[in-house]
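Enquirer: Each chain, written out:
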Amino acid sequence: MRRRFATVVGLGVASALVLSACSDSGGDGGGGGGDDTFRVAAFTAGYGTPVGKSTLDAFVERGEELGWDVTLYTSDFDYDKINTDMQSAITQGVDAILAGYPDPRQIQPMVAAAQEADIPIFSIDGGVEPNEDFVVDVTTDQDQIAELSVGALGEAMGGLEGKDVMVIGHDPHVGISTRSRLAVEMLEEGGATIAGGEIRQVLAPGTSQEEALKFVTDYLQANPEGLDGVWVGWDHAAVGAAQAIEEAGRDDIFVTGVDAVGIALAEIEKNGPFVATVVQDWPAVLDEVMGYMETFADSGELPEENFVETEVTLVDRNNVADVEPTDA
Amino acid sequence: MAQTEAPPVVAPATPSDRTSFTALLWQGGTLLALVVLVILFGALQPDAFLSFGNVRNILAQIAILAIIASAQTVVMVVGDFDLSVGVTATLAGATAAALMIDGWSIPLAIVAALVVGTLVGVVNGILVAYMNLSAFVATLATLTSVGGLAFIVTDGTTLFGMPESFEVIGQGRPLGLPLPIFFAVIVCVVVWLVLKFTTIGRRWYAVGGSAEVARLSGVNVRLARFLAFTVAGFVSAIGGIILVSRLASASATSANNYMLLAVAAVFLGMTVLRSGAANVGGTLVGVGIIGVMSNGLNIVGVSAYFQQVFTGLIIIAAVTLSALKSRSH
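In order, the protein sequence lines correspond to chains A and B.
All residue numbers for the first sequence refer to numbering that gives the first Met the number 0, where the first residue is 0 and numbers rise by one.
All residue numbers for the second sequence refer to numbering that gives the first Met the number 0, where the first residue is 0 and numbers rise by one.
Hints listed in this document are in silico derivations from the structure and should not be mistaken for laboratory results.
Each hint should be verified, as a subset may be incorrect.
[What the hints assert, rightly or not] Pairwise CB distance ranges (calculated):
id : chain 1 : residue 1 : chain 2 : residue 2 : range
1  : B       : Ala322    : A       : Leu301    : 53 to 63 Å
2  : B       : Leu323    : A       : Glu154    : 39 to 49 Å
3  : A       : Ser298    : B       : Val301    : 34 to 44 Å
[Stated by the list, open to error] Covered by chain B, per the in silico footprint, the following chain A stretches (three or more residues, Cβ under 8 Å):
id : stretch
4  : 198–207
5  : 212–225
6  : 256–265
7  : 282–291
[What the hints assert, rightly or not] Covered by chain A, per the in silico footprint, the following chain B stretches (three or more residues, Cβ under 8 Å):
id : stretch
8  : 110–119
9  : 131–140
10 : 214–220
No residue lacks a Cβ here, since even glycine has one placed at the ideal position from N, Cα and C.
When you get a sec, could you build the whole thing from the sequences and use the hints?
Expert: Right under this line is the structure:
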């Protein structure tokens, strides 16, 4: 009995030591900080995505450099966890909240708690239209993303008229869902037909490369002459689509993606079916949000407009060598 | 004095039981389902579905699932199950990718990845066999921790840029067939041979039938369960490495989905045998059903959302059938 007790205590002490060794203490801001320390609770449910992780990590780093006390809450698209964590953070007292790539439809409990406690929520890519839940939401222009990527696909296919294009999306993601629908509209307006009649939905972004690979492989099996292009709402799935086309030995079907992650840039450089992607300038978006938050931290002043759309850039074979991957 | 339960005595079935149409349907229901799916999709899209190219596609698409499902089969033979086979495959694949990108040679990176997968299996085995945690709790815990380790290894991003020769493992096509099919066949045959013809295989079945009876028969039940989880970790790692090679990339969640599909395949396969025990042949039938359904529904143009619903319904049907069969025994 005594031995077992000692083992349990030992395991407890060891666990505490491991946890303290693994924790990002936040340096100066650790230990709760003084009363003057600007305390921020940041969250993202998309920490498993390269862009989500790199942007939120950069926010924490830069916030701590500014002397803020930043706590980051993450999940793998589990908004129940996010709402619970953030409600606890709000109860413990924070000065501001940073919402990283939130789905505004799924954070209402947290928003209600923040509004009750009068805590402003600054957002990165929190939707495609103005939303009163946020004091500001800085995002990218989905219209422009769809326009540039559809344009690049059309150019590679030699025009849209009469072409069959598969569109691969992921409706749970507001941004991807929006640009996918915009792309469908633009493709159909240009005279293209949507292969399969509707947007093919990937179930999980984490396995999207394999899912898209299967979509395109199976579709080509049934319709070898029924595909001229694949428009994909994000790069990882686009890489899978390109791989399926290469494996089918086809050089007359083209793919575009969105995000400009490293693996997509490498595919574009290969001169294969992957012809273009779109870079959303998340570092610039982060700069803008940091600016608003610094102003608020210094003077309590909130942004004048609550919805800001930033410009995006097309990446193709002409400029791919000059573009930094967004997940580097 | 400890009392032990006698092994259940199964009354010999009468010839009429054995030969009745219902019994045949009962026995061969899962296999029949596979045949029905093939006929159905073959009728809907005869040129596309039944072509050699598509059969090859289906085999390629189910190869990795077959490997991971055979890992799950081993654990389910001993009466447990392993929720961590998917994340173990992910972590092993990510480890191989990270090491190769860091300049390790391909063989060394693969060996390291296999060691990582085996270690996860060892941890599961210790937790379940020696610390008496339920397999559900233990493997749920490792699922969470190993999932976190995969994020750490990949740094949350997608690893790519492995040597091109590594990609042969997942993308090579000897005799016109994707290499993962050959790996799947080898793994499944080896697992089948071990289960069928080796002492440890028979011990696993004995433990799965009744751990207490096995113990009284002189079987080291703890060691048997420990080895089953260890083997599952090793085999899952093989699946993860092949997947990374197939995709030429590794992410933090790339093989996670395989866990549920593997469990479903094994459950489907358990209905094939009269005993209701997990078995490699049955698992392959289950894998076949999942693969044919996914491919067929894609070809017919059914959305992924409905595909998920159908997969769930098939799992429910299989588990219900399995439960009814064991009740009838």
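Enquirer: Confirm or reject each hint.
Expert: Each hint, compared with the structure:
1. As the Cβ distance of B/Ala322 to A/Leu301 is approximately 59 Å, the hint placing it in 53 to 63 Å holds.
2. Under the hint 39 to 49 Å, the C-beta atoms of B/Leu323 and A/Glu154, about 59 Å apart, miss the expected range.
3. Distance hint check: the CB atoms of A/Ser298 and B/Val301 are about 56 Å apart, inconsistent with the given range 34 to 44 Å.
4. Restraint check on the stretch 198–207 of chain A versus chain B: 7 residues with Cβ-Cβ distances below 8 Å, three needed, restraint holds.
5. Interface restraint, the stretch 212–225 of chain A with chain B: holds (9 residues with C-beta to C-beta distance below 8 Å; minimum three).
6. With a threshold of 8 Å between beta carbons, the proposed coverage of the stretch 256–265 of chain A by chain B holds, since 4 of its residues qualify and at least three are required.
7. For the stretch 282–291 of chain A, the assignment as covered by chain B is violated, since 0 residues bring a beta-carbon within under 8 Å of that chain's beta-carbons and 3 are needed.
8. Using a Cβ-Cβ cut-off of 8 Å, 0 residues of the stretch 110–119 of chain B lie near chain A, which falls short of the minimum of three, so the contact claim is violated.
9. Three residues within the 8 Å Cβ limit are the bar, and the stretch 131–140 of chain B against chain A gives 0, so the coverage statement is violated.
10. As drawn, the stretch 214–220 of chain B meets chain A at 0 residues by the rule of a beta-carbon pair under 8 Å; below three, the given contact is violated.
Hints 2, 3, 7, 8, 9, 10 from the list above are not met by this structure, while the remaining hints are.
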